[in-house]
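Colleague: Chains as they are written, first to last, in this note's numbering: chain A, 1 to 327; chain B, 1001 to 1327; chain C, 2001 to 2346; chain D, 3001 to 3346.
Quick caveat, the hints were computed from the structure, so don't treat them as lab data. All the pointers check out, no bait thrown in.
Cut-off 25 Å, straight-line C-alpha distance, at most; resulting in silico cross-link-like pairs (DSS-like, lysine-lysine):
1) K2260(C) with K1039(B)
2) K1323(B) with K1254(B)
3) K1180(B) with K1042(B)
4) K1042(B) with K2260(C)
5) K311(A) with K3038(D)
6) K1042(B) with K2245(C)
7) K2245(C) with K2260(C)
8) K1311(B) with K1223(B)
9) K1311(B) with K1323(B)
10) K1311(B) with K2038(C)
11) K159(A) with K180(A)
12) K3227(D) with K3112(D)
13) K42(A) with K3260(D)
14) K3245(D) with K42(A)
15) K3038(D) with K304(A)
16) K1039(B) with K2245(C)
17) K2038(C) with K1304(B)
18) K39(A) with K3245(D)
19) K3260(D) with K39(A)
Interface residues of chain C toward chain D, partial, derived using beta-carbon atoms under 8 Å:
20) N2154
21) G2157
22) N2163
23) V2190
24) A2203
The beta-carbon is built from N, C-alpha and C at its ideal position, and this holds for glycine as well.
The chain contents come next:
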Amino acid sequence: MAVLTYREALNQALREEMERDDDVFLMGEEVAEYDGAYKVSKGLLDAFGDRRVVDSPISELGFAGLGVGAAMTGLRPVIEFMTFNFSILALDQVLNSAAKMNYMTNGQIGCPIVFRGPTGAALQLSAQHSQACETYYVHAPGIKLVTPGTPADAKGLLKASIRDNDPVAFMEGELLYNLKGEVPEEDDFVIPLGVADVKREGSDVTIVTHGKMVNLALQAAEKMAKDDGVEAEVVDLRTLRPLDIDTVLTSVRKTNRAVYLEEGWNYLGVGAQIVSLIQEEAFDWLDAPLLRVTQADVPMPYAKNLENLAKPNAQRVIEACRKVMYR
Amino acid sequence: MAVLTYREALNQALREEMERDDDVFLMGEEVAEYDGAYKVSKGLLDAFGDRRVVDSPISELGFAGLGVGAAMTGLRPVIEFMTFNFSILALDQVLNSAAKMNYMTNGQIGCPIVFRGPTGAALQLSAQHSQACETYYVHAPGIKLVTPGTPADAKGLLKASIRDNDPVAFMEGELLYNLKGEVPEEDDFVIPLGVADVKREGSDVTIVTHGKMVNLALQAAEKMAKDDGVEAEVVDLRTLRPLDIDTVLTSVRKTNRAVYLEEGWNYLGVGAQIVSLIQEEAFDWLDAPLLRVTQADVPMPYAKNLENLAKPNAQRVIEACRKVMYR
Amino acid sequence: MTDTLHGVAPDTARSLLREMLLFRRFEEKAEEGYAIGKIGGFCHLHIGQEGAAAGCIAPLRGSDYVISAYREHTQAIAKGIEPRRVMAELFGRAAGCSGGKGGSMHLFDLEKRFMGGHGIVGGQMPLASGIGFSIRYRGLDEVVVCFMGDAAVNQGGFHEAMNMSAVWDLPAIYVVENNAYGMGTAFDRVSRNGIEEKSLSYAIPVTVVNGQDVLETYAVFSELAEKVRSGGGPQFVDVRTYRFKGHSMSDPVSGTYRSKEEVEERVETEDPIAILRDTLTDADELDQETLEEYDEAAKSEAQDAFDFADASPVPDDDALYRNVYREINPNGRLFFDGLDRPDFAR
Amino acid sequence: MTDTLHGVAPDTARSLLREMLLFRRFEEKAEEGYAIGKIGGFCHLHIGQEGAAAGCIAPLRGSDYVISAYREHTQAIAKGIEPRRVMAELFGRAAGCSGGKGGSMHLFDLEKRFMGGHGIVGGQMPLASGIGFSIRYRGLDEVVVCFMGDAAVNQGGFHEAMNMSAVWDLPAIYVVENNAYGMGTAFDRVSRNGIEEKSLSYAIPVTVVNGQDVLETYAVFSELAEKVRSGGGPQFVDVRTYRFKGHSMSDPVSGTYRSKEEVEERVETEDPIAILRDTLTDADELDQETLEEYDEAAKSEAQDAFDFADASPVPDDDALYRNVYREINPNGRLFFDGLDRPDFAR
Ligand SMILES: Cc1ncc(C[n+]2csc(CCOP(=O)(O)OP(=O)(O)O)c2C)c(N)n1
Ligand SMILES: Cc1ncc(C[n+]2csc(CCOP(=O)(O)OP(=O)(O)O)c2C)c(N)n1
Ligand SMILES: [Mg+2]
Ligand SMILES: [Mg+2]
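All chains should be built: construct the whole structure from the sequences, respecting the hints.
Modeller: Have a look at this one:
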């Protein structure tokens, strides 16, 4: 095992897939000469040249659609959104072209494309730069959604996403890029889509989460173990579509209670679907209502004190867990 | 009471609000000279002239944003999307400008704008013209979402939406425009946002729904009454934000079971949030898992036989109700 | 002689005439199919604009790509899709070129390199640039031709796609079928200047063509295609044409936005088929008998397409869930709707 | 004399100098505040581009509107927002012009008609057209000035907004602060032609201005503002300028995308403050003493703003839920997060 940052893990995945397959290219704002706004593509221009690492104009709708067109002819574009906040401008091409192409063409024309970049809030970037975008990418069928929370998952899942034959939205996080973690060194480390990961075992309560929040869930769980002797099980969905609901159900059937933690808004946040599935498929196992910990239902404010109030934190996770445990 | 079509009811609401307030104007594709693609704005150009009824270029992002800019200076634009399918192109201006403006400006600059048009499927319009867009408009705070299912609600709620001081998405339906219904003739008929309507009383099971599906829910309820002697209560949310969850909870506490019916996709369809709220706030009253009836999880196909298979129908609603009643 | 034929060989000219006759008869059959409820949804006819379909596409190679909007029936046929498979698609039948799933607005045939059939105005523009990017990426000598309507140039996607094509010198020809109206909106009400100026901001060369003169159109596109093929970079073309029918089958032919007289006058004087017929006749390259022969052939091919479509089966129920994904991952759940689904749709 | 001053009165010229000095010192203080962690998030400085802020905005009336992107600190001050309230906003304090909720990228003051402060590149363009639409709708003699960066012209929103402004003859001036780079991307890598050609597709007149010469900029904008005010329709301006610092406080000043030498040379020769200083000195309209006086005043005003911001309180907790909506409807639930909220946030 090598210890890598999340950023390095993504960089390795891109490198390896581009070496493996000449049809893979990277396009986005600042990805080439600038090494990426967050340096995820560091060194790729030198390694692969400007044919395969392409700086784009600030034209999200255009270059997302260009990627789809390239994918229609069999290339495997990796389109970087500097952040998914800006991808709302491109959503029409994602939903109406990428996600529907294989269906409208009756399977003649696929769209093997990856849209990647950070989602959600970083630090004090204010309302227009702090939005968690999962909901906009998971509602419609035809596209898959991947949200790794650790360096190892970032590498293994990005490689799988690039090889997947369907459009994949791959959501990272500014606050994850410097996160260090062990990454297997085997020379083709791939994690299949659709497999959740129990990041911590426990029998008292289940915390289900994805992406950046995995690390917050683990903090909360450790604190509960120390302070209250409560053992929380932390289930990291890792991919939201395909969704490994079975692992969630197995855990809930063991703990009989669950909390969904996510960084975004509550109204049709990802947790709403997970709650709806759990109560439908494990109704008789539930000893308490399923609760959700989310961002405050406001656009993200700039002021640090307000931003801290708006974001989920370990204390809120712990309180929700206590509540479903009737403590 | 006068019997009007849903289209006529909307037309009356626009007319009355434009007569009442010179700051209200209507802009969109074909709204003026063509009387609207679906004739909702019939006669308004003649009545108010091209200063206030404005044909736009096919520039959804542009004219949605133009509306927001006009609203920032105190006008009250009504922006018509020929259908909400096309509004995905405009979503950045809706979410990042309209919904966040009042907050980012600390309440200095509001955005009293209405985005309206049909959502969801009509008949054989295929994948790109048949998408239910509620999820994209309700996830983010700062904007309200209204989904009338009858002519009376269409009129009363459009007037309220135009007078509301926040951005409002107002979703209609091609298949609703010819629907006839009684509309109160009182000269200023307004229905406040945030009040659900029990469209049918019943004590055996609650069907919660919104928009176009209200009528399907009523059909299913009548059929159940006739065939199985089951009395279903049909709760029409009417507005999804603000959300009258209390009326839903009251009904569920009476029937102890509920089914959510909507025309769109299941994964983070509106029903997911309602289910999550009901199980959280009425857990102990539930005798069965909450079920959801939605569109098949596929892009809408063109072929009539496939489209019929994809759309929700009365039979599916009835089966879901039977299931939660363990029959 | 060759002057009035714009240097187009008489045989080629006659085959263009046969094509346009087929397009016309095909669309008339589609009109009939819609009228009797065998075709549903939106149905946008190309009648009056056949010159653009024939003249722009005939000069292309089989390996070249064509992508378009929703008024694309005849373009699909021009690029080589059998009329039977196009009509079957309009009927929503399994034998349709999109398996009955796409319909009138979403005709596709990867083998013929007809890349749709797109319903979001301007949506095909970035896709076309992507196809061009892919051709360049692979170093091939192919070309992509992207059709759009005049109203589509006001879409942001047009702007972004044109700019990227210019920056990367993509082998793409962007063709505006300029019929002067977007639904009920005359172009001069939504733009201060003409289509021919819409590529100035990108320094992409523009050519204005009379699309009702199929020979002129053919000549110009033969030249442009080779220019682009040989690395000349993107081209923009303003093809002047006119829509003889309503915007779609559910819209009126004339009304407040254009007068009955205007339509009658244009149909009278600017029918691309009549124009070519006269040109060839004047050039002694066509006689009445041959013309009738051609038209009979066109009619029967259109009728054959209609009969084939009418007789062919609708998609089987399982088709509902087929092709949503190309890859059903072995792990996890991909479909969410609580319905009974075929086994392949987990 | 007046020649080198571009016909600008010496008093006006001197006040422009004082403004630019204030902008420079203010941004230096912001830089300091960011360095010591009192300012967070993204912070984009205007150093080197002060000529554009002063020259474009000074000719406007209080009733005219200005809207911009995220590099707008000095423009906000130029339009009349007190430096204290701008700095307090950067510090995220309640006394900030956006109550601490907007931050560096979202400065607003309705009274001063400074309409933001927008973070989505190009996002302000359609908003500006809307403000122009509203002015025309109400028949007022106001003008809206919309600032954007060079890279923003490649956004679809630019295209759509420009076209609508042309079609409806809106009283808007679209100003590109052309500093030749969008972050690390030289403009000529993302466009085949120059900014000055980007309004050709809309037939909107363009003017190219040397933004480092504030007097030229002032003169041109005085003329353009009156043209637009008197119903002349929209204008497009290519203001040539240069960014002396990194894209944002977290980006390097130079690097692969532009050399240290390039930056040094431009700073050396194209500092708008130095240029005006020399012009006035040569014209015997400025002596060293006065200059130092001005600079001292600028420094102390910037310091005052810094101290004020530093001393002022952060927003109270309830501010979190305030202003999400203007109208809390009496019925139904508007907020969904399961948290304890103040009573007003149901
Ligand atoms: C983004 C979007 N907005 C609106 C529509 C509805 N619509 C379909 S066709 C059309 C007019 C297009 O006119 P034009 O581009 O000139 O093509 P033509 O129909 O004349 O061939 C409109 C407004 C759409 N399909 N997509
Ligand atoms: C839609 C969108 N895409 C990307 C970004 C990230 N971004 C912020 S500023 C910027 C560069 C803009 O350059 P320019 O328009 O020239 O303005 P300048 O910074 O030079 O003043 C980019 C890519 C963004 N904020 N919005
Ligand atoms: Mg047209
Ligand atoms: Mg710039």
